[in-house]
Amino acid sequence: MLELTPKKLSDRSTLRINPIKTCQPVGAMYAALGVHQCMPHSHGSQGCCSFHRMFLTRHFKDPAIASSSSFTEGASVFGGGSNLKTAIKNIFDIYDPEIIAVHTTCLSETIGDDLSGYIQDAKVPEGKLVVHTNTPSYVGSHITGYYNMISGFIKYLSESTGEKNGKLALFPGFVNPGDMREMKRLMKLMGTEFIMLPDTSGVLDAPMTGNYTMYPKGGTTIADIRDLGNCEMSLGLGELTSEFAADTLEKKCKVPYKTLPLPIGVENTDAFIMALNQFSKNEVPYEIEEERGQLMDILLDSHQYTHNKTVAIFGDPDTVLGMAQIVLEMGMIPKYMVTGTPGAAFDRKAAALLEKFGVEGCTAKQAGDLFELHQWIKNDPVDLLIGGTHGKQVARAEDIPLVRVGFPIIDRYVHSYMPIVGYKGAIRLAELILNALMDRQDRDCEDEDLEMVM
Amino acid sequence: MKNDAAILPERAQSIRFSECSGDGIKCESASVSGAVSQRACVYCGARVVLNPITDAFHLVHGPIGCASYTWDIRGSLSSGEEGYRNSYSTDLRETDVIFGGEKKLVAAIDEIMASHAPKVIFIYATCIVGVIGDDIDAVCRNAEAKYGIRVIAVKSPGFSGTKKTGYKMACNAIMSLVTPDVLPEKTCGVNILGDFNLAGEMWIIKNYLRRIGVEVVANITGDAKVEDLKQAPTAQLNLVQCAGSMTYLAKQMEEAFSIPFIKVSFFGVTDTSDSLMRIAYAVGDKDVIKRAKAFIEEEKNRVIPLLNKYRKNLEGKKAAIYVGGGFKAISLIRQFHEFGMNTVMVGTQTGSKDDYEVISHLVDEDAVILDDANPAELEAFMKEMGADILVGGVKERPLAYKLGVAFCDHNHERKHPLAGYEGTLNFASEINLSMNSPVWEIIGGINNV
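One line per chain: the protein sequences are W and S, in this order.
Quick note, the first sequence lines up with residues 0 to 453 if you use numbering that gives the first Met the number 0.
Quick note, the second sequence lines up with residues 0 to 448 if you use numbering that gives the first Met the number 0.
Simulated from the structure, these hints should not be mistaken for lab results.
Hints may be right or wrong, so weigh each one.
To be verified - Straight-line distance between alpha carbons at most 25 Å, and here's what the computed SDA-like set of lysine to any residue pairs gives:
no.: 1; chain 1: W; residue 1: Lys423; chain 2: W; residue 2: Arg184
no.: 2; chain 1: W; residue 1: Lys423; chain 2: W; residue 2: Glu288
no.: 3; chain 1: W; residue 1: Lys391; chain 2: S; residue 2: Ser78
no.: 4; chain 1: W; residue 1: Lys423; chain 2: W; residue 2: Leu433
no.: 5; chain 1: W; residue 1: Lys7; chain 2: S; residue 2: Ile148
no.: 6; chain 1: S; residue 1: Lys414; chain 2: S; residue 2: Leu76
no.: 7; chain 1: W; residue 1: Lys391; chain 2: S; residue 2: Trp70
no.: 8; chain 1: W; residue 1: Lys60; chain 2: S; residue 2: Arg73
no.: 9; chain 1: W; residue 1: Lys84; chain 2: W; residue 2: Leu128
no.: 10; chain 1: S; residue 1: Lys308; chain 2: S; residue 2: Met434
no.: 11; chain 1: S; residue 1: Lys262; chain 2: S; residue 2: Lys308
no.: 12; chain 1: W; residue 1: Lys60; chain 2: S; residue 2: Gly129
no.: 13; chain 1: W; residue 1: Lys253; chain 2: W; residue 2: Thr212
no.: 14; chain 1: S; residue 1: Lys317; chain 2: W; residue 2: Met207
no.: 15; chain 1: W; residue 1: Lys7; chain 2: S; residue 2: Asp54
no.: 16; chain 1: W; residue 1: Lys60; chain 2: S; residue 2: Arg413
no.: 17; chain 1: W; residue 1: Lys84; chain 2: W; residue 2: Lys127
no.: 18; chain 1: S; residue 1: Lys102; chain 2: W; residue 2: Val138
no.: 19; chain 1: S; residue 1: Lys250; chain 2: S; residue 2: Val225
no.: 20; chain 1: S; residue 1: Lys250; chain 2: S; residue 2: Val215
no.: 21; chain 1: W; residue 1: Lys253; chain 2: W; residue 2: Asn276
no.: 22; chain 1: W; residue 1: Lys60; chain 2: S; residue 2: Ser175
no.: 23; chain 1: W; residue 1: Lys60; chain 2: S; residue 2: Asp71
no.: 24; chain 1: S; residue 1: Lys145; chain 2: S; residue 2: Ser175
no.: 25; chain 1: W; residue 1: Lys60; chain 2: S; residue 2: Gly443
no.: 26; chain 1: W; residue 1: Lys7; chain 2: S; residue 2: Glu337
no.: 27; chain 1: W; residue 1: Lys187; chain 2: W; residue 2: Met213
no.: 28; chain 1: W; residue 1: Lys355; chain 2: W; residue 2: Asp226
no.: 29; chain 1: W; residue 1: Lys60; chain 2: S; residue 2: Lys167
no.: 30; chain 1: S; residue 1: Lys224; chain 2: W; residue 2: Ile297
no.: 31; chain 1: S; residue 1: Lys118; chain 2: S; residue 2: Asp54
no.: 32; chain 1: S; residue 1: Lys167; chain 2: S; residue 2: Thr178
no.: 33; chain 1: S; residue 1: Lys145; chain 2: W; residue 2: Lys127
no.: 34; chain 1: W; residue 1: Lys6; chain 2: S; residue 2: Asn85
no.: 35; chain 1: W; residue 1: Lys60; chain 2: S; residue 2: Lys414
no.: 36; chain 1: W; residue 1: Lys122; chain 2: W; residue 2: Tyr214
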C-alpha cells in the first residue's frame, strides 16, 4: 500500500496530497451541534451538508443533524436568498428547533450571498432565533469554521447587562464530548461556576434510550450564551482555536480573557487548574491532587519504556501541540509535528515548546499534509505515530504503531467518550502510548527475549 | 415534533402508502430547502462511480473539503494498484478564488507528472470552479498535448443537479476514456457495468461468469484498470448492475459501439440465478446455457439448505430499506421475501418513477414508500411500521441504533460481499447477527428497569 509515496522529496507548492484538514463548514456544524435545541444549517449545495453529517457521524458514531439550503443552478446565478428564506420557514415548521445556526460554504461565499440581510428579511417565529457565520471553505480549515461559528453565536446573542454573574466563560477548543465532560468535571471540583460554549457532551455522546431525538439533552443553552456577556472573565483553551472567540466576547461585552494550551499533559493541566484556582480562589481539592499524583506514579513506573522514543504527531494545531507536550513529558521526542491548518503561530509555538525542553532536530510544519509526513518518515523513521485514522495507511506501509488521537477517528469506537485532557486524560494517553510501544516490543522481540514481567 | 408524522407539506408528494393510486410518487427532483436530506451531490455521484478505477489519478479542483470527504471512503477493493486510495486536491485558497484557480490546476498536474506516470487523470471541478471562471477544458486539452496522457474534466459542481447528474458526468468521462478512433472487432466477452467491487463483489461475479464460460472484457468500474477499460468497445454484451448509475452509459455504448445491454442483479438467490440464465441466453452459446443451468443447480443445492438455517430466525420479521438507488431497493425487497421477511418501509435517494412503480407492486399494500427521505420521516415510519431491521448507509446506522433497531450496511461500509450466492449467505448471516445479537437482551433489560 502507498507504494506511490516516493522517498525522494520533490518541490510541491500547489498539489495537496492526503490532507490533514478539511473545510470550515464542518467545524461550524460541530460547534452548532454543541448548542441546545439548535439546528445547524448549511447554506450551499446539498452535498456539503451530506458530507459533513457523514464525516461527523463516522467520527462520533452518532446521528449528526443538519439542514441544507439545497442550492440549484438558479441559486448559483441569482443568489441563495430565496432558498434560505424557504429553508428557515421549513425548518421551524417541521423540525421546531429553538435556534438555527447558519454557516456558509465556498459556493454561497463566492457568489457573495448577504447572509445578514437575508436573515433580517426572513420570517422568524416569535421567540425563535436565527444566527449565522461566514465560513468560506477556501480560508483556514475546519478549526477556523469552528471558532467562527462560536463567534457567530456570541455576536448575535451575548449581552452585557452591567451585572456580573460571577461565572467563568470557557471555550473548550476543538475537542471531543469526552474532553468537554472532563473539563466540566474539573471546574466543578474546583468550585468554579462556568458557562461553556460549545458543549457537545450529551449531544454527540448521547445515551441510547430506544428513542431518537433530534435535539438530545446536551448543549449550551441560549440563555447561557446570552449570559456569556456577564461573565467575569473568559478562558480559551487551545490558544490557536479559542482566542478568536474569547476576543469576540471581549470586544462585544468587555469580558477580559486569557488563553491557555489545551490541558493535555501535566504542565498544561496544571496551568488550567491554577487558572481555575485563581478565578474561584478555591483550594485545589484532594481529589484532583490525587489524580495528579497517580499520573506522576504512572509516568515514573513506565519511564524506561518511553525514554528517547521518537514520535510523529499530526492533526489539529492545538491537539498536536498538546500531544507534543505530553510526549516530551514522557521523555519522548516529537520528531515531526504537522498540522494541515494554516497559520505561522503553530510553528512558533512548536519551536518554543522544543526550546523549553531543550530538544533539537525536530520538524514542525503548518499547512502540511500526510504525504509529506510519510516522505519524512521514509527518510528518517520514528517509533510511534500519533494522529487520526488517516495515518493508518502510513502506519501499515512503514510498520509503525499508530495511537489514535484527534479528529477524525473513523475506524474505532469509544474514543469520543474518553478524555485526553486533564490528569485523567493524561493517564489514558499514557496507557495508549505505552500499550502501543510495549505490544510492539512483544511482537518484535526474539522468543528468548519475551518478557512475562514488564 | 409538531407534526405527528413529521412530514413537510412539500414532502407529502414524495411519500406514499402503497395503496394510494394516482400519478405515482414525486421523485427525481431537487430536495426541499431546509430539509435534513440524506442525499449527496453531483460531485459525490461522479466521484463514487469513477473512484474505483485503481490506476487513475483523481484530482479534485476546489477547496479542500470535497477531497477530504471522499478520501478512500468507498470500500472498492483493488487487485493491484492503490493510487486511487490517495487524496489529491488543488486546495484552492482565497487568492485563487479572486484571481482564478487555473494556474494552480496546471501546476498541480505538472507536480503529479513530475513524480508519477499516471495513464489518466480525472479533474473534478467542484462548486466554485465555474463561478470563478476557470476554463478547465482548456487546461485538460493543454495537459493532454503536453504529456500525451488522458486528462479528463469531470464537471461536477454540487448545485448542478442531484447525485444522479454526477453519475452521468462520470459516464461521460468513461465514454471519453474508452472511445477508440476506429471501432475494433468484437470478441465474445462481456462488460460488467455498475459493480464497484465493494468488499470484492466484482471478483465473485467474474468468477461465476468464468464458471459458466463467459469472458469478462472490462469491469466498470470495480477493480478497473485504464488499459482494461479501453478494451470495453470489443465486448459483445453489457451487463448493467447498478442501473441507476450505469443505464446511461450502457445506452451510450449501445449507440456508439453497437453493444446491447441487459440489466442484471446479483443480490439474492432468485435474482442471481435469473441474471445468470439471462446472461447465458443473451450470449446465446448452447454450452454456456448448459453450464449456467448446472452451475445454478449446484449453487442452489449448496446455498438454500444453509439459508434455511437462518430462515427460522428471520421469518416473519419486518424490514425497512433506505438505499441510494431504486434497483438495489427492488433486489432487497425480493431478497427479504426469500428469507420469509416482509418489507414494511422502502425509500431511495435517487429512485426513478419506474423503480417506484415496480416497488409498489412488490410490497404489501400498507407498506410505506419514500423518495429522498429525512431522518425524522425514517424514524416516524420505522416506528409506526415496527421495523426489526433497517438496511441503509452511513448516516442511517446511528439512527437505527438509537431507535433500538438492528442494522445492515448495504452501502460503502458493507463488511462482507453481499452479491451472488455467497453474498446472500453473508447478508442473511449479517442481518441475523444484528437482529439476534445478545446486545438486544442487555438493552431490553436496561430499558425495562
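Check the hint pairing Lys60/W with Arg413/S against an upper bound of 25 Å on the C-alpha distance.
The given pair, whose Cα atoms are some 16 Å apart, holds under the 25 Å limit.
Please verify whether Lys308/S and Met434/S have alpha carbons no more than 25 Å apart.
15 Å, holds
Taken at face value, is the distance from the CA of Ile297/W to the CA of Lys224/S at most 25 Å?
52 Å, violated
Straight-line alpha-carbon gap Lys60/W to Ser175/S, limit 25 Å:
40 Å, violated
Check the hint pairing Lys60/W with Gly129/S against an upper bound of 25 Å on the C-alpha distance.
Between Lys60/W and Gly129/S the Cα gap is close to 35 Å, so the pair fails against 25 Å, i.e. violated.
Given the hint that Lys7/W pairs with Ile148/S, does the C-alpha gap stay at or below 25 Å?
24 Å, holds
What's the verdict on Lys84/W and Leu128/W, does the C-alpha distance respect the 25 Å limit or exceed it?
Within the cut-off at roughly 14 Å; holds.
Holds or violated: Lys253/W with Thr212/W, Cα cutoff 25 Å?
37 Å, violated
Hint check: Lys60/W vs Asp71/S, CA-CA at most 25 Å. Holds or violated?
18 Å, holds
Within 25 Å, alpha carbon to alpha carbon, are Lys118/S and Asp54/S?
Holds - the C-alpha atoms of Asp54/S and Lys118/S are around 7 Å apart, at most 25 Å.
For the pair supplied as a hint, Lys6/W and Asn85/S, is the alpha-carbon distance within the 25 Å limit?
Holds - the C-alpha atoms of Asn85/S and Lys6/W are around 16 Å apart, at most 25 Å.
Given the proposed pairing of Lys145/S with Lys127/W, does the C-alpha separation stay at or below 25 Å?
Violated: Lys145/S and Lys127/W sit about 58 Å apart, past 25 Å.
When held up to the earlier numbered hints, the structure conflicts with 11, 12, 13, 22, 26, 27, 28, 29, 30 and 33 and fits the remainder.
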